[in-house]
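My request is simple: use the sequences and hints to build the entire structure.
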Amino acid sequence: MLASIASKCKEKLYSSTISYHYYFFSNFFQCGFASPLFVKGIRGCTRNHHCISYVKYIPIRVSRCQIGVLSYSDGSRHSYSTQISPKEIADQILTQILASIEEDPSISREELCIHYIQKLCASENLLAALSLVQTLRGRNIFLTSHAYDYILEAASEKNDIDLLSETYENLLISCGFINPSSYLIIARAFSNHNDPAILLNFITKVLEMKLPRNDIFLNRVIFALDKCGQVDKALSLFYHMKSLKYKPDLVTYNTVIAILGRLGRVEEMMQEFDYLKTVDLVPDLITYNTILNCLRKMGRLDLCVVYFKEMSERGIQPDTYTFKALIESLGRTGNIEDALKFFNELKRRGIVPSVHIYRALIFSLKKMGKMELALKFSDEMNEYLKNKNFVGPRDFQYENR
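Numbering (my numbering), first residue to last: 410 to 810.
Derived from the structure by calculation, the hints contain no laboratory data. Accuracy of the hints is not assured; some may be wrong.
What the hints assert, rightly or not - With a straight-line Cα cutoff of 27 Å, these simulated DSSO-like cross-link-like pairs (lysine-lysine) come out: (1) Lys651 / Lys686; (2) Lys567 / Lys496; (3) Lys756 / Lys785; (4) Lys775 / Lys795.
Have a look at this one:
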């Protein structure tokens, strides 16, 4: 292209040459790179021996990233330019990465690549950052999802759903394991979009890739949306799943039952619980504990007892969570004798009571005026606290599924 420009301008040029001008990435990106970049330009002078301006860098916005433009001016009002594409930027950085690895084989490839990705994202060269991870993958250099998180975060901050989607698709292809943080970034990206169709379009694009275990992808997106406070979108995706090839599984229902229960939508929660049993899914311990805990918070002791009996009839053994919900519900409603029966049943099964159970029981006993019995259980709790295997508040939580 530059040769063509020189040919067009030969009448104005006394002499012209194609020359190479040396630039640094520190100037090119304005973000601290120390890698050299050679760019081709035209230099010459007119027949009147006036020097003309030659290659110069102009930062502009094209599409979604900032790119370099090589501009030539012939002294008139005409100018000619060529663009440095994201792929060319990525190739230039790859050369520097490979050179650094060759110079010091002990250097961490992951940390080195992440360093460049961070710089590109900081300078809003997001397409170049995405092109870099694609180029690295082509050289069999596979990065973890942590590296992709920087691009996802930057795309989210710029409200660029298309780039977010493309980055996530590359992440799925490249990584066998995806950090939960990646799903949280994706969920936050949709917080500024009230139209649920935007989220569903993103979901459709990912599902069209036909990768294995799309059910896990859907479950984690629903979980992340809930964690980010976007329960309406989480429920919308859940209801949309019912029309897809990838139907909600037990993990999906457990998540949605917990959401509905937390929102106090008990009737909807029970409807979904009853529905899952009609689609050949069997409720597990987590399902029942979620139901019992939500009913406890709503003061529905009658239903707590009903579902405790149901889980026992299904052969599902209760755990600490189960007994906590029952003992706390019974104690708060004044059924202290029944609460004590369940407490003794817990110990008979060899389950170590948690701090939460002791505190709930002690609180109920004091409320009923049974101070002596409350003091007895308080001393017992303090004795258990000396045991390192005692279940404390920090242990009283389920692992993410």
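27 Å Cα cutoff - pair Lys651, Lys686: Answer holds: Lys651 to Lys686 is near 15 Å, not above 27 Å.
Hinted pair Lys756 and Lys785, Cα distance within 27 Å: 16 Å, holds
Holds or violated: Lys775 to Lys795, with C-alpha atoms at most 27 Å apart: It holds: about 24 Å lies between the C-alpha atoms, which stays within 27 Å.
Pair hint Lys567 and Lys496, alpha-carbon separation not exceeding 27 Å: OK: Lys567 and Lys496 at ~21 Å, within 27 Å.
Consistency note: the structure conflicts with none of the earlier hints.
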